[in-house]
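Chemist: Taken in sequence, the protein lines are chains A and B. Mapped onto the UniProt record's numbering, the consecutive letters of the first sequence carry residue numbers 1 to 246. Mapped onto the UniProt record's numbering, the consecutive letters of the second sequence carry residue numbers 1 to 375.
Simulated from the structure, these hints should not be mistaken for lab results. Honestly, I wouldn't trust all of these hints.
Facing chain A, according to a computed beta carbon distance under 10 Å, are these residues of chain B, among others [to be verified]:
#: 1; residue: Gln-8
#: 2; residue: Lys-96
#: 3; residue: Val-100
#: 4; residue: Asp-262
#: 5; residue: Asp-324
#: 6; residue: Leu-331
#: 7; residue: Ile-345
#: 8; residue: Ala-348
#: 9; residue: Glu-351
#: 10; residue: Ser-367
#: 11; residue: Asp-371
For each residue, glycine too, the CB sits at the ideal point set by N, CA and C.
Here's the letter readout for the chains.
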Amino acid sequence: MTSEIIKICNLKSSVEGQQILKGIDLDIKAGEIHVIMGPNGAGKSTLANVLMGHPAHKVDTGEVTFMGKDLLTMKVDERAKAGLFLSFQYPEEVPGVTVENFLRTAKKEVAGIMPMALSFKKELHSKMEMLNMDSKYLERYLNQGFSGGEKKKNEILQMAVLNPKLAILDETDSGLDIDAIRVVYESVQKLSKADNAILVITHYNKILNYITPDYVHVLVDGKIVRSGDVTLAEEIESKGYEKREW
Amino acid sequence: MNFRQYHQEAFNKMETPVWNRVSLPKGMFPIPSYKMDASITSDSEHIHIMTFQEALDTEHAISPLEKEAKKHLGDHFSHFINGYFNSGYVIRSTSKALEVPVVDIHYILSGETRTLIDNHLIVAEPGAKLDVIIDYHAEPANENTPQKAFEPMNHYGLTRVIAKHGSHVRIFKLQRLNQTAHHFDQVLASVEESAVVDVFDIQVGSQFKAISYETDLKGRRSEAHINSIYFGDKDSKSDLSFTMNHQGQKSNSSILSKGALDSNALKVFRGNLFFETGASQSVGKEEEFVMLLGESIKSDSIPALMCSEDDVIGEHAASVGQVDLNKLFYLMSRGFSETEAKKLIIKASFEEILSAVPYEAFKVTVSEEVDKRVY
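Let's have the full structure, built from the sequences with the hints guiding it.
Modeler: Written as structure tokens, this is what we have:
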């Protein structure tokens with residue numbers, strides 16, 4: 001029997017009194033890759049932020065079970081320690097902390113023990129090679145002065161290091177050129193394992209050249225209006241989101 | 001009447017000062033009965049060091065001008081420090097070597113010696129270079145520490161800096177006394193033609209801290225840059241004052257201050273740019289950024305620009321805000337607790353200043369002190 005990673009039931013949330021998510025139901029099991037597509041303003045990034053616990057988003061109702069625990073009662077860092085990861089659409093810059101130190105400390109926070117410096121560095125180098133990232137980035141301050149593409153690659157590097165149970169990729173393809181999209185999503189595909197799951201949020205299906213989802217969901221106006229396999233993405237590509245009866 | 005006697009007499013005639021914005025603590029102006037030695041090291045034979053008292057006792061070791069002190073925190077403080085100092089050094093650099101000579105002064109206050117009154121004179125001769133690091137910290141209390149150690153520690157300081165023609169002086173001050181300490185520090189700098197004075201003032205300790213920097217940009221093309229970092233503990237009081245007096249033509253100054261304040265902290269920041277007659281084509285800039293970590297914080301920023309010259313540029317900017325929630329969320333999503341994430345954000349904000357400090361150990365100490373004090 002495939003183990004359940006996350007189960008979302010009737011999740012509704014609002015920001016400043018305005019409801020954005022209007023009843024999300026979604027089950028993700030280990031080994032699966034899910035893609036959520038939808039037009040601008042549908043609530044895709046909101047779903048990512050609500051699951052990670054952004055304080056600006058208020059959960060109105062619903063249940064989320066993550067790795068058998070109630071996710072919604074956990075603090076943000078507890079969610080990370082439980083194995084949830086969010087690749088941010090707009091990663092923050094943190095001057096004064098080098099990428100290497102940040103990754104090593106984050107790994108310690110999530111795994112509970114500080115990784116050995118030498119073996120950790122070796123692991124980092126091989127992961128950076130996979131992402132076609134120059135190892136000089138390790139010495140630079142976290143995301144400071146990084147191009148949009150390098151910031152996104154750095155997010156995937158963090159995902160590779162932290163080895164989460166569920167990684168949510170919030171429009172990681174935005175701002176990337178075509179070569180970077182290929183490198184990033186081929187890496188994401190490689191990071192997909194039998195004991196983890198990936199939820200990719202995107203506007204476009206161009207990433208599907210490099211990643212093979214098990215399920216595609218369409219999110220419109222705060223609800224998942226349709227779910228299917230990869231052919232659903234092809235349908236959206238040809239017909240668009242608008243003027244359709246879902 | 002000698003130097004000390006003159007100031008003691010002047011001090012004793014004065015009434016206890018009263019401050020309006022930040023009320024002064026009780027038990028001020030304790031007179032120590034002991035001398036305090038610093039751990040002081042220098043790495044150059046072109047640096048000449050003697051104690052301030054030795055310099056006073058030695059004919060021509062110190063000129064009347066070099067002994068002069070302006071008001072700063074008030075005459076009371078200047079007379080008290082000049083009259084009752086129990087430590088202090090005269091440091092002169094004649095070094096023009098490519099590698100900047102460093103003088104490292106380290107004071108440790110303890111239960112037995114808990115009052116430090118230091119009186120310094122730092123002089124860079126024409127064309128000389130000099131870096132001076134002054135670190136004030138408290139011996140940590142432990143179970144064997146006498147009860148006295150828990151009474152407030154006191155620091156009263158006066159540092160005069162004279163940067164002669166074409167010289168370059170950098171001062172790195174770190175105040176990391178304990179959470180009950182009282183810290184009063186005044187720095188007077190005089191910058192001659194084409195000379196540069198850079199200051200890095202880091203204030204992370206003390207329950208009450210009052211600092212005053214007053215820099216006279218006397219010469220043509222003189223420069224002075226103050227980089228200030230402060231952290232206000234819960235219930236702490238801070239009065240920070242930085243003044244640039246532009247006197248020379250084409251003089252250039254900047255004041256950049258980055259702070260973080262915890263719950264119930266009170267802080268007043270004063271940034272003063274004066275453009276005096278003759279300071280045409282001078283440029284002065286002051287900026288203050290404060291991060292508020294809790295509730296009930298009182299943070300006043302009082303910038304002042306005074307011009308007696310038309311052809312000058314003076315700028316000021318100030319911003320006060322809570323910790324960036326998106327940054328906090330980002331760091332917590334990587335497993336950092338709220339406290340650890342806050343520490344990283346504070347240190348990131350201080351980094352703009354610390355990145356210009358060339359001394360790694362100094363930076364590490366600042367980082368460790370922030371880690372200790374944010375919880």
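Chemist: In ascending order, which of the hints set out earlier in this document are inconsistent with the structure?
Modeler: The structure breaks hints 1, 2, 3, 4, 11; every other hint is satisfied.
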